[in-house]
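Keeping their order, the protein sequence lines are chains X and A. For the record, in the first sequence the residue sitting at position 116 is 116 according to this note's numbering, with numbers rising by one throughout. For the record, in the second sequence the residue sitting at position 52 is 1052 according to this note's numbering, with numbers rising by one throughout.
Where hints are given, some of them may not hold.
Cβ pair distances, simulated, as ranges [stated by the list, open to error]: (1) A:1041 x X:119: 18 to 24 Å; (2) X:99 x A:1007: 32 to 38 Å; (3) X:126 x A:1023: 23 to 29 Å; (4) A:1035 x X:125: 44 to 50 Å; (5) X:23 x A:1121: 32 to 38 Å; (6) X:23 x A:1041: 23 to 29 Å; (7) X:101 x A:1041: 35 to 41 Å; (8) A:1035 x X:39: 34 to 40 Å; (9) X:91 x A:1125: 55 to 61 Å; (10) X:75 x A:1005: 39 to 45 Å; (11) A:1115 x X:40: 28 to 34 Å; (12) X:30 x A:1018: 16 to 22 Å; (13) A:1087 x X:30: 19 to 25 Å.
Straight-line distance between alpha carbons at most 27 Å, and here's what the computed DSS-like set of lysine-lysine pairs gives [unchecked claim]: (14) X:29 x A:1003; (15) X:29 x X:114; (16) A:1098 x X:58; (17) X:123 x X:72.
What the hints contain is simulated information worked out from the structure, not anything from laboratory work. Glycine residues also receive a C-beta, built at the ideal position from the N, C-alpha and C atoms.
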Amino acid sequence: MTTTPIVLNRDTMTVTRETDVVPFRSRVKEHAVKIGMSLLNQTKLITGASELVRNMLKYGNGGIVKIEIVSKGRDSGIRLTFEDKGPGIPNIDKAMQDGFTTGRSMGLGLPGTKRLMNEFTIKSEVGVGTTVTVTKWKNG
Amino acid sequence: MEKIPILRMGHFLLVTIQVDLYDQLAENLEADLVSMVSKTNAKGVLIDVSSVSIIDSFMGRILGNIATMSKIMDADTVVVGMQPAVAITLVELGLPLKGVYTALNVERGMELLRSKILLEEEDQEEENDDDTDSTE
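Take these sequences, add in the hints, and give me the full structure.
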């Protein structure tokens, strides 16, 4: 049984440069603190968000991030949607493998972030762009 | 331009990261540290990350790079004071920080670096002893 979470608050931020990363992380933190998320979950959320925003800058030339406070049943959490209009990912299964990279990095971003979050979905179309949606529950 | 200060303490270099680093600042720190190791003949680098709330794969890579580069320049690197939440997150992310020594706090980190220097000196003395033996 899955119920769709209710969105309580919505905030968007455009990320186009590397210097936007730190302010973006602070913004996510603010929202996480607002709902009373534990320090450990905050750290996981912000680290994962940082990985995804870097991916977006590196491979998608930046994009828009939606930061939402969502509520499902008794639990509340933060949902982040990263949307870019980059080249897209031809093989998502491969991109989700530990250690796979087309760049110079270690290839931990996507699989590592999936481990840090409670929910993780990725949609990508070659030539159109990539959308990654993640949710971290307050008590997840 | 902003810079992370590098303090010299005897044979060691001490860096305290007080802010969440943006990428350029982290890359500059890497370059500054390696050139400081060369300039000062430092035998050890101690990096205090107790005020750092986020270490992502980029920052982890920078720490790893500093350790590897310093090692090539004959200096050991110790990262101290990592917050528990950061350590848990790093492991779940899959970043093992290979080749980086860690210690709980600055004091223990200094001890670790000192013990490494002592070990090296002992090794050298032994080598010298061997040399004198062979000339006899």
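Okay, the hints, checked on the actual structure:
Separated by about 52 Å at the C-beta atoms, residue 1041 (chain A) and residue 119 (chain X) break the suggested range of 18 to 24 Å. The hinted window of 32 to 38 Å between residue 99 (chain X) and residue 1007 (chain A) holds, with their beta carbons roughly 37 Å apart. For the pair residue 126 (chain X) and residue 1023 (chain A), the beta carbons lie near 28 Å from each other, so the given range of 23 to 29 Å is met. The supplied range of 44 to 50 Å is met by residue 1035 (chain A) and residue 125 (chain X), whose beta-carbon atoms lie about 45 Å from each other.
At roughly 48 Å, the beta-carbon separation of residue 23 (chain X) and residue 1121 (chain A) lies outside the given 32 to 38 Å, and the hint is violated. The hint said 23 to 29 Å for the Cβ distance between residue 23 (chain X) and residue 1041 (chain A), and at roughly 39 Å that hint is violated. As the Cβ distance of residue 101 (chain X) to residue 1041 (chain A) is approximately 37 Å, the hint placing it in 35 to 41 Å holds. For the hinted restraint 34 to 40 Å between residue 1035 (chain A) and residue 39 (chain X), the CB-CB distance of approximately 36 Å keeps it satisfied.
Take residue 91 (chain X) and residue 1125 (chain A): their Cβ atoms lie about 58 Å apart, and the range 55 to 61 Å holds. In this structure the supplied range 39 to 45 Å holds for residue 75 (chain X) paired with residue 1005 (chain A), their Cβ-Cβ distance being about 43 Å. In this structure the hint that residue 1115 (chain A) and residue 40 (chain X) lie 28 to 34 Å apart at CB holds, the actual value being about 32 Å. A hinted range of 16 to 22 Å for the beta carbons of residue 30 (chain X) and residue 1018 (chain A) is consistent with their spacing of about 20 Å.
Checked against the given bound of 19 to 25 Å, the beta carbons of residue 1087 (chain A) and residue 30 (chain X), roughly 24 Å apart, stay inside it. With a CA separation close to 25 Å, the supplied pair residue 29 (chain X) and residue 1003 (chain A) stays within the 27 Å bound. Of the supplied pair hints, the one linking residue 29 (chain X) and residue 114 (chain X) holds, its CA atoms being roughly 19 Å apart against a limit of 27 Å. At roughly 25 Å between alpha-carbon atoms, residue 1098 (chain A) and residue 58 (chain X) fall within 27 Å of each other, so this suggested pair holds.
Taking the CA atoms of residue 123 (chain X) and residue 72 (chain X), the gap is near 23 Å; set against the 27 Å cutoff, the hint holds.
In summary, the structure is inconsistent with hints 1, 5 and 6 from the numbered list given earlier, while agreeing with the others.
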